[in-house]
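Numbering (numbering that gives the first Met the number 0), first residue to last: 0 to 103.
Warning: the hint list may mix true and false statements.
To be verified - Cut-off 30 Å, straight-line C-alpha distance, at most; resulting in silico cross-link-like pairs (BS3-like, lysine-lysine):
#, residue 1, residue 2
1, K56, K34
2, K28, K13
3, K75, K56
4, K34, K22
Stated by the list, open to error - FRET-style restraints, in silico, Cβ to Cβ:
#, residue 1, residue 2, range
5, A36, A95, 41 to 49 Å
6, N10, K75, 22 to 30 Å
7, L67, A38, 45 to 53 Å
Note that these hints are calculated values from the structure, not bench results.
C-beta atoms are modelled at their ideal positions from N, C-alpha and C, and glycine is treated no differently.
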Amino acid sequence: MLPGTQNFPQNARKALDDAALQKALGNVKRGFIAKRARARAALPEFEALRDEARDIKIQTLANLDLYLECYEEQVKAAGGHVHWARDAGEAQQIIAKICKDAGA
């Protein structure tokens, strides 16, 4: 189990049973929805901008490998190093090794 997750089920149940917390979260949600509606109304081109953002996201994800390789080249040119990991477990191992090598 990952650090900090051992008590997650108990903490989640406690949070769900906390009436004051649930009320506060409900207020946040209502406030967010109201503010978003006001922002949309103040921006006539909201739908067009949202569509453009969606298209950019789709295009970026479709070409993510190219963007990441370009990023790696720029990092290397600046003297840095990029570590590649297949999954979260491998990323954790890389991070742990970096920390160990640095004496952290």
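Taking the hints in turn, this is what the structure says about them:
Between K56 and K34, the direct Cα distance comes to roughly 24 Å. Compliance with the 30 Å bound is thereby established for this hinted pair. At roughly 20 Å between alpha-carbon atoms, K28 and K13 fall within 30 Å of each other, so this suggested pair holds. A threshold of 30 Å between alpha carbons decides the hint, and for K75 with K56 the separation of about 26 Å falls inside it, so the pair holds. Restraint check: the Cα-Cα separation between K34 and K22 comes to about 18 Å, which is no more than 30 Å; the hinted pair holds.
For A36 and A95, the hinted distance range of 41 to 49 Å is satisfied, since their beta carbons lie about 46 Å from each other. Restraint check, N10 to K75: a C-beta distance of roughly 42 Å breaks the suggested window 22 to 30 Å. Between L67 and A38 the Cβ separation comes to about 32 Å, which falls outside the hinted range of 45 to 53 Å.
Checked against the numbered hints given earlier, this structure breaks hints 6 and 7; the rest are met.
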